[in-house]
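Chemist: Build out the structure end to end from the sequences listed, making use of the hints.
2 protein chains.
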Amino acid sequence: MKISKLGEFGLINMLKQFVPVSKTVIKGIGDDAAVVPYSKSEYLLITTDMLAEDTHFTRRMPPQGIGHKALACSISDIAAMGGWPTFAVVSIGIPKNLPVSFIKDIYKGIQEVARQFNVSIVGGDTIKTDKIVINVALLGLVEKKNLTTRDGAKAGDVIFVTGPLGGSFKSGRHLSFTPRGPQARFLVENFKPSAMMDISDGLSGDLNHILKASKVGARLDHAYIPRHQGVSLSQALNDGEDFELLFTLSPQKARLLMDWQTQKRAFYFYPIGTITSDVKEKIDTKSFTHF
Amino acid sequence: MKISKLGEFGLINMLKQFVPVSKTVIKGIGDDAAVVPYSKSEYLLITTDMLAEDTHFTRRMPPQGIGHKALACSISDIAAMGGWPTFAVVSIGIPKNLPVSFIKDIYKGIQEVARQFNVSIVGGDTIKTDKIVINVALLGLVEKKNLTTRDGAKAGDVIFVTGPLGGSFKSGRHLSFTPRGPQARFLVENFKPSAMMDISDGLSGDLNHILKASKVGARLDHAYIPRHQGVSLSQALNDGEDFELLFTLSPQKARLLMDWQTQKRAFYFYPIGTITSDVKEKIDTKSFTHF
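For the record, the sequence lines run as chains U and H. Under my numbering, residues 253 to 543 are what the first sequence spells out, in order. Under my numbering, residues 253 to 543 are what the second sequence spells out, in order.
In case anyone wonders, no lab produced these hints; they're calculated from the structure. Honestly, I wouldn't trust all of these hints.
If several chains are the same, the list does not tell them apart, and a pair holds so long as it fits within one copy or across any two.
When the alpha-carbon atoms are kept at most 25 Å apart in a straight line, the in silico BS3-like pairs for lysine-lysine are as follows [what the hints assert, rightly or not]:
#1 K396 <-> K534
#2 K257 <-> K360
#3 K534 <-> K348
#4 K383 <-> K254
#5 K348 <-> K380
#6 K254 <-> K356
#7 K464 <-> K348
#8 K257 <-> K467
This one's a predicted model, so the numbers in the text were calculated from it and none came from an experiment.
Modeler: Printed below as a string of structure tokens:
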């Protein structure tokens, strides 16, 4: 069978079989980041993202943006667990004929977002490839009490996103987005979301991951879904690479959050639907898949 | 300027400028693995390796061997710091038309060496690429007192390797080698090497890394360099991908190690030369370079 027939999630499910989870692993494959023991009060988070030329970016895009994206999407994964990023290693596959300035600028983009989020790049690998490939592996930390996974959503919870969705790739926003680290920390410290993840493959598909992990259903209020200018509902539901956070709060906490943001407006969180107990209430999806 | 003109080490030096080392980093770019704080008595080690089709392997090679190599060379890096491996994340770039069985077998190879060295694969990423790309990021731990870097070699120290060298790529050994984890632990626990690294780019080039980091010179006894069958001296000196450990011991410790191995023979270590105080005594090299 070819990969294209199996599909991305078929592939991931197949590969999981080869990866027996050791007892010391708190959370393995299947959330935004892996969770392993660290200290008495904290967990270590590990995530990795690979970006390839002509899949995630082209050589005509600004190299600093490509570097920005390579690290920012991993920072977004750490935020989605409720944590903060610490150390990263970066591997780059470089074509022989690529101008050195292009690679320099990719690194500049990586370093800029690293500085902004207090990440130290501590190592890497450089190899020869036909097309540019960038892999970031990022570590993070989270207090045990603030760890937020995909599997805690409960019937009645309110579903929120941290910002407008859709058109990220077409607009170039996928090369300049700001990972929602501060929002994630604000939420876990003050409102304890029941579930959280970042929207990388599209709202509908990613919400389904929460529903499946939490064994619940959901109803979305389409009219409430915040969209970028010129973006259709279908795009807001299905476009990938927004990297906004998607999270759920108990009705009481949702009320408190709405009250808080009416007064403070430091961040804005958008309620877009409700978790239900009917597991058959899935979200129709044309979610992005790689294969 | 093109990458091919700058060369691999020119590239790494150039990129280092963009990576200001934070104060919390014990050891950043420039050793086998990065070293960051962990607990009162231990450091966390981080290393990453990227392998690409037609650079490090071809599709005609056994996929299990490719998977084996992808993780084993990172385990070798952790061993070279004196530590033991713990958790890994694996990213794979997969061409659309690749048979699923090929990827399955790559994972089998990864999982086999993971099991052997007690590594948990805790996450990863799968993306679409034109050619197969595999990136492993591996964490490890080492007691602070057992951390062994490249910069501690002293004039008079004896230079050792853990096994015969040369012809690794041609013979296929680069797909089946056993990382020298047990040997590394035995050495740091009992003999405290003054410097250690693994031989990935070739003995001569890699020894020069130790000489440069330690600000010393070296003389090799060519006749003592252990070689695989049918391998010339030049191949033993310059072929990459052997993944044997290269380390230095004070004359007293070297004597003790030689006495020990005459009696026990659990491992065998080969003395191949001496560290000198003359920094101009570099090793002639045709070391492997990617560009």
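Chemist: Out of the numbered hints, which ones does the structure contradict?
Modeler: Those not satisfied are hints 1, 3, 7, 8.
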